[in-house]
Amino acid sequence: MSKKNTSLAVDPADLIEGVIQGKAEAQDSWFRTEYPAVYRLCLGFLANHAAADDLAQDAMLHLMDRLDRWDAARPYQAWRTTVVLNLCRDQLRKQGRRQRAEGHLRLVEQQTQLPNPHDSAAGKEIRDVITRALSQLSPREREAFVLRDLEQQATDVVAAAMEVTPATVRSLLTLARRRLRGILAPALAMGPRAAGGSDG
Amino acid sequence: MAEFDPLDPLRDAWQQVEAPQTDRELCDEDATTLEAVQWMASAWQQIPIPEFRSEQKPKAKSLVWRRLALAAAALLIATLSWPEAEIADNQTKEIVAPPLPATPTAAPARLIANDEEKIEILSGKVRLTMLRGPVASPETDSTDY
Numbered sequence: 003m004s005k006k007n008t009s010l011a012v013d014p015a016d017l018i019e020g021v022i023q024g025k026a027e028a029q030d031s032w033f034r035t036e037y038p039a040v041y042r043l044c045l046g047f048l049a050n051h052a053a054a055d056d057l058a059q060d061a062m063l064h065l066m067d068r069l070d071r072w073d074a075a076r077p078y079q080a081w082r083t084t085v086v087l088n089l090c091r092d093q094l095r096k097q098g099r100r101q102r103a104e105g106h107l108r109l110v111e112q113q114t115q116l117p118n119p120h121d122s123a124a125g126k127e128i129r130d131v132i133t134r135a136l137s138q139l140s141p142r143e144r145e146a147f148v149l150r151d152l153e154q155q156a157t158d159v160v161a162a163a164m165e166v167t168p169a170t171v172r173s174l175l176t177l178a179r180r181r182l183r184g185i186l187a188p189a190l191a192m193g194p195r196a197a198g199g200s201d202g
Numbered sequence: 041m042a043e044f045d046p047l048d049p050l051r052d053a054w055q056q057v058e059a060p061q062t063d064r065e066l067c068d069e070d071a072t073t074l075e076a077v078q079w080m081a082s083a084w085q086q087i088p089i090p091e092f093r094s095e096q097k098p099k100a101k102s103l104v105w106r107r108l109a110l111a112a113a114a115l116l117i118a119t120l121s122w123p124e125a126e127i128a129d130n131q132t133k134e135i136v137a138p139p140l141p142a143t144p145t146a147a148p149a150r151l152i153a154n155d156e157e158k159i160e161i162l163s164g165k166v167r168l169t170m171l172r173g174p175v176a177s178p179e180t181d182s183t184d185y
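Heads up: the sequence lines are chains F and U, in that order.
Position 12 of the first sequence, counted from 1, bears residue number 14 in our numbering, the numbering being contiguous throughout.
Position 18 of the second sequence, counted from 1, bears residue number 58 in our numbering, the numbering being contiguous throughout.
Warning: the hint list may mix true and false statements.
[Said to hold, decoys possible] So, partial list: chain U residues that the calculated Cβ filter (under 7 Å) puts toward chain F:
| # | residue |
| --- | --- |
| 1 | T73 |
| 2 | A81 |
| 3 | I87 |
| 4 | P90 |
These aren't lab readings, by the way, just hints derived from the structure by calculation.
Computed from a predicted structure; not experimentally measured.
Every residue gets a Cβ at the ideal spot worked out from N, C-alpha and C, and that includes glycine.
Next up, chain U with everything else stripped away, as it sits in the complex (with noise of 0.2 Å):
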C-alpha cells in the first residue's frame, strides 16, 4: 500500500493549472494594460517628423540615367583611347625598332603559282603563298609560311 503523501493533492492541482494564453488579443488584456497601449497609440501620431535633409531629394529617374550617362562615358573613354594606344603603341615600335637596311639588290617578284587553290609569289628567298578557299579570320589569313 502506497504511503499516503499529503502533497499529493497539491501536486495534482499544479498540474491542473492553466497557462493564460501567450496569443491574448488587446481586448482580452486588463484595464491598465488597455490604457498604456492607447496612449502609446495615440501619441505615436503625435510625433514630429524631421525634415528630408538632404540637399536634392534623390530622383530615380535622374540616377537610371546617371548610371547610363558613367557607362556611356567609360565606354566612350575606352573608344577613344584604344587607337591612341595602337598609335603609342606603334611609335613605339619605330622608335625601339630600328630601320631595316635597304636590300641592296631585291629580286624582281614572279608568280609561280596561280590555282584554285593558291596563289605563290617568290622573290629572291621569300615565297608568298594565298590560299584560296572560305574566308578566312584576320589572324589567318596572312602570310603563309
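Next up, chain F with everything else stripped away, as it sits in the complex (with noise of 0.2 Å):
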C-alpha cells in the first residue's frame, strides 16, 4: 500500500478555532489539507469526476460554514467525512442517478493494460479508470471501500462516519474487494504498463 493519508498533521481543535477565528495562516493550512482530502471523498463516493469537482467546491464551503459545530470530542476526521458523505449521498439522490450497472463487471469492452498506479504522468487516465471501477459498486460498497481501503481510515472511523456497525463496513468491503476483483482482473492479467507508457 502506498502512503498512509494523513489530514490535519497539527492538532485538528488547535487548527480550526484558528481557522474559526479568521486567522490567514490556519485558514491557509486548512485548506491546503482539507481540499485534496475533501475532492477525493467526493470523486470516490460519486464516482463522477465532472460531479466531484463541483461539490467538493460546495463542499469547502459547507465545511467551514460548519467548523463551529464540530465537537472536538469526535474525532475531526470522522466528522469531516460525515458531513461530505451526507453531501454525496444528496447529490446522488437528486440526480436519481443508478450507481450499480447490473451485472456489468468489465472495465471498458475490450481489455486493455491499467496505467501504472505509480505513474503521475497518467493521472487523468488513473482517474477515469478508478471512476468507471468505482460507478459499478453500489453506493454503500463505495462509500466503505473507498474510506477503508483508498483513505486508508479505521474501521470504527469508518462506521462512524457511515452510521453502521464496524461488522457492517466489513461485510460491504468483502463485497465491494469481490467486485473489484471481477472488475480489473481481465485488465490485471495483462501485466501493468510501464511508466510514461501509452495505451495502444
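Could you fit the two chains together into a complex? Lean on the hints.
Printed below as a string of C-alpha cells:
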C-alpha cells in the first residue's frame, strides 16, 4: 500500500479554532490540507469527476460554515467525512442516478492494460479507470471501500462516518473487493503498463 | 420403518456447508482480489486534484463579520426610517385633518382639586384629572376621562 493518507498533521482543535477566529495562516493550512482530501472523497462517493469537481467546491464552503459545530470530543476526520458523505448522498438522490451497473463487470469493452498506478503522468487516465470501476459498486459498497481501502481510515472511524456497525463495514468491504476483482482482473492479467507508456 | 431417501445424506451434507465469512479482512482475500485492491489504492494517490475555482477563498472571519454587518445595517435602516415614518404619519395627519376652528370664547382654566390623590383642572366643559401615585406607563399617564 502507498503512503498513509494523513489529514491535519497539527492538532485539529487548535487549527480549526484558528480557522474560526479568522486567522489567515490557519485558514490557508486547513484549506490546503482539506481540499484534496474532500475532492477525493467526493470523487470516490460520486464516481464521477465532473460531479466531484463541482461538489468539492461546495463541500469546502459547507465545511467552513459549520466548523464551529464540530465537537472536539469526536475525531475531526470522522466528522468531516460524515459531512462530505451526506452531501454526496444528497447529490446522488437529487440526480437519481443508479450507481450500480447490474451484471456489467467489464471495465471496458476490450481488455486493455491498466496504467501504472505509480505513474503521476497518467493521473487523468488513472482517475478515469478508478471512477469507472467505482461506479459499478453500490453506493454503500463504494463508501466503505473508499474510506477504508483508499483513504485508509480505521474501520471504527468508517463505521462512525457511515453510521453503521464495524461488522457492516467489513461486509460491505468484502462485497466491494470481490466486485472490483471481477472488474479489474482481466486488465490486471495483462500486467501493468510501464510508466510513461500509452495505451494502444 | 421410514423409507430410505438417497438424497438424505446429501441434504445432511448440505446443512453442514459453512458459509464463508462475510466480513473478511483484506489479508484473507485471494491474490487477485489483493492485487485489485492494491492497484486501486496506489492509483488513488495519483489522482490529480483540480484547482479550487472560486476567485477568492472564503474566509470564516469575513463571513461572520459580513453577517454582523448585514444585521447592523438592517437595524440602522430600521432605526433611521422610524422617525421618518412618524413624521410622514404626522404630515399625513396634518394634511388630512382639517385645522380645528378656534374656540371663540375659551373659559379660563381653574384648579378645582389638588390633593394627595389627584389634580383636577376645569376649563369650560373640559375637566382634566391627573392622578398621583406610582409611575404609570406613558399610555396610562394621560388625560383621564
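Okay, the hints, checked on the actual structure:
1. With a cut of 7 Å, the hint placing U:T73 at the interface with chain F holds, because the nearest CB-to-CB distance is about 4 Å.
2. At its closest, the beta carbon of U:A81 sits 5 Å from a beta carbon of chain F; the interface hint therefore holds under the 7 Å criterion.
3. Annotation: U:I87 was flagged as interfacial toward chain F, and the flag holds, the nearest CB pair being 5 Å apart, inside 7 Å.
4. Nearest Cβ of chain F to the Cβ of U:P90: about 5 Å, under the 7 Å cut. The hint holds.
No hint from the list above goes unmet by this structure.
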